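Heads up: the protein sequence lines correspond to chains A and B, in order. Residues in the first sequence are numbered consecutively from 1, following this note's numbering. Residues in the second sequence are numbered consecutively from 1, following this note's numbering.
Bear in mind the hints are in silico, worked out from the structure with no lab data behind them. Here the structure is a predicted model, which means the values were calculated and not measured.
In silico lysine-lysine, PhoX-like type, Cα no more than 25 angstroms apart, as pairs:
id: 1; chain 1: B; residue 1: LYS194; chain 2: B; residue 2: LYS256
id: 2; chain 1: A; residue 1: LYS120; chain 2: A; residue 2: LYS105
id: 3; chain 1: A; residue 1: LYS77; chain 2: B; residue 2: LYS21
id: 4; chain 1: B; residue 1: LYS451; chain 2: A; residue 2: LYS105
id: 5; chain 1: A; residue 1: LYS58; chain 2: B; residue 2: LYS21
id: 6; chain 1: B; residue 1: LYS256; chain 2: B; residue 2: LYS388
id: 7; chain 1: A; residue 1: LYS77; chain 2: A; residue 2: LYS58
Computed from the model, here is a short list of chain B residues facing chain A with C-beta under 8 angstroms:
id: 8; residue: TRP24
id: 9; residue: SER29
id: 10; residue: LEU32
id: 11; residue: LEU33
id: 12; residue: PRO61
id: 13; residue: ASN83
id: 14; residue: ASN428
id: 15; residue: HIS431
id: 16; residue: GLU434
id: 17; residue: LEU436
id: 18; residue: LEU440
id: 19; residue: LEU447
id: 20; residue: LYS451
FRET-style restraints, in silico, Cβ to Cβ:
id: 21; chain 1: A; residue 1: VAL86; chain 2: B; residue 2: ILE195; range: 48 to 56 angstroms
id: 22; chain 1: B; residue 1: VAL358; chain 2: A; residue 2: PRO60; range: 20 to 28 angstroms
id: 23; chain 1: A; residue 1: GLU70; chain 2: B; residue 2: GLY406; range: 44 to 52 angstroms
id: 24; chain 1: B; residue 1: TRP268; chain 2: A; residue 2: ALA57; range: 47 to 55 angstroms
id: 25; chain 1: A; residue 1: SER54; chain 2: B; residue 2: PRO419; range: 21 to 29 angstroms
id: 26; chain 1: B; residue 1: TRP191; chain 2: A; residue 2: ILE126; range: 42 to 50 angstroms
id: 27; chain 1: A; residue 1: TYR130; chain 2: B; residue 2: VAL358; range: 49 to 57 angstroms
id: 28; chain 1: B; residue 1: LEU447; chain 2: A; residue 2: ARG108; range: 17 to 25 angstroms
id: 29; chain 1: A; residue 1: TYR130; chain 2: B; residue 2: TRP191; range: 31 to 39 angstroms
id: 30; chain 1: A; residue 1: ILE126; chain 2: B; residue 2: ALA37; range: 38 to 46 angstroms
id: 31; chain 1: A; residue 1: ARG104; chain 2: B; residue 2: TYR182; range: 22 to 30 angstroms
id: 32; chain 1: A; residue 1: ARG108; chain 2: B; residue 2: THR174; range: 31 to 39 angstroms
id: 33; chain 1: B; residue 1: LEU447; chain 2: A; residue 2: ASP100; range: 14 to 22 angstroms
All C-beta atoms in this analysis are idealised placements derived from N, C-alpha and C, irrespective of residue type, glycine included.
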Amino acid sequence: MLSRLSRLGLALPRSVSVLSTRFVSQSKADSAISSTAVTELYEPVNQSGHGEVSPFAKNPDFHGFSTNPEEDVRNMKMGFFLGISVALVIGGTFIHYLPDHGMRKWARREAERLILLREKDGLPLIEENYYDVSKIILPSSNED
Amino acid sequence: MLKILLPSILLLPSTWLISPKYLWTTTLSYSLLIASASLMWLAAPAETGWSFLNCLMASDPISTPLLVLTCWLLPLMILASQNHLMLEPTNRQRTFISLLISLQIFLILAFSATELIMFYIMFEATLIPTLIIITRWGNQMERLNAGTYFLFYTLAGSLPLLIALLLLQNSTGTLSFFTIPYLPLTCSDPWAHKIWWTACLLAFLVKMPLYGAHLWLPKAHVEAPIAGSMVLAAVLLKLGGYGMMRILIILDPISKELSYPFIILALWGVIMTGSICLRQTDLKALIAYSSVSHMGLVAAAILIQTPWAFTGALILMIAHGLTSSALFCLANTNYERTHSRTMLLARGLQTLLPLTAVWWFIATLANLALPPLPNLMGELMIITSLFKWSMWTLILTGLGTLITAGYSLYMFLTTQHGPIPNHLISINPPHSREHLLLTLHLLPLLLLILKPELLWGWSA
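Chain A extracted, bound-state conformation:
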């Protein structure tokens, strides 16, 4: 139950939090409230300015582009506008309204139209030969 008071997070199982917390009252001896305060086993390391500084410390609105806040915001706006509004939205609209790609929808409609026509007239749906047989000129089979 005491793991719920741990600063490391509410969802941690007890076995993890036990490693670095002490369940002993660390409050001052003269305090009226002897609360079961929890302290860390390992103190946070003081790197005195030589450690890795988070860019969010200097600029809480850091967008990831640059340490200079104005360049950062400018880059973010250009990137989001051109990337999403121009490329995805305008480009996507362009693609959506492209005419029948590869004439596929036309081919389907044409096939359905021809089938209806031929079934009405009782003709076969499609000829067996792709080319007109009477127009093919074959060489004679005599030996030369």
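Given the coordinates of chain A, assemble chain B onto it according to the supplied hints.
Frame of chain A, contents of chain B only:
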């Protein structure tokens, strides 16, 4: 075609002439504008095969999605590299961005090439900026080894290709994509024909990579900085697939028997690399092996050459490009905070970084091919066309799908769920830049659900 190529070329002088204050903003903005303009390639007229023609460059339904992906990736690479390059001197930042832009130029020329020699030269040319990016800006000592593996594996595969292409040029007089399908290609000596066939395909199989020749990929992907990993996973692997699609036209009819061992090797690679993923401790290596696994499916599909297989391969290439790049970006957000790629050191992130956990979730679901994402559609078309080719492949592909789901979930559960380790004392929250980066990766993937016919290539 030149509407996109010339602005990309002119990005190079602009990176060197802009003042450092505006460098990243301007390069990002202009590359996004070029990427938006590149969507015009999707408006190709339907009747002709090749569109946007000039003498040397053209685009057709196979190369158009790959061209758009290439142009889309440059702004994403610039966004991803901005943080880790912040502390470097300006000239080095400019050099890095110039390398990325030159990669884009070579890739546009490669995908739009209409002649096999031009495609080959651009294929080789992409090696140089990638090598420089890996060996100069990689983070560990192993990057030198990685660069060597990357360079020499690809070169060893592609020198036979050069000889094969020169032989072809000698005998037919032209290597243009427009005329090559109609040329009668006969070779008198069956042995020479078989060796020529292998020489043509080996470069692309190493690049894809095929399972036996895949050793360069985990090294290169892991040691590269984030932009290098992104471009390698998203586009450079697809160069191999695209090259195979183009060159298989001239390799008939012996492809029917000769491709057999490579198809089996590719499918076996799907399972083997998937199993390796289940045992990985290094996050980037897991994503790299997952790339090999997906590309194994693509390689097998391209080698059986049926219309559905080509369509499935094309869809999977684009979807995998976006997904794998997104996963590398997510791994990089971990790396920038903990400076370690070990998965176990950055567990329980769902509690600490819940917004990034959303991106992890979507990217993981995409990786394990959840419907209705295009990853599944591509994989399904490949699996069904392989089943028609031979019903025994179903065992391998089915097992492969199972293992893919297994390691994707393993990756997600290890990094996101579970208790937070003790040593994670302070983790910075995700930057807006990182959210934008992942949005620009995953939102196009989700939008592709609505219009997949952009990716279908030739078949209906």
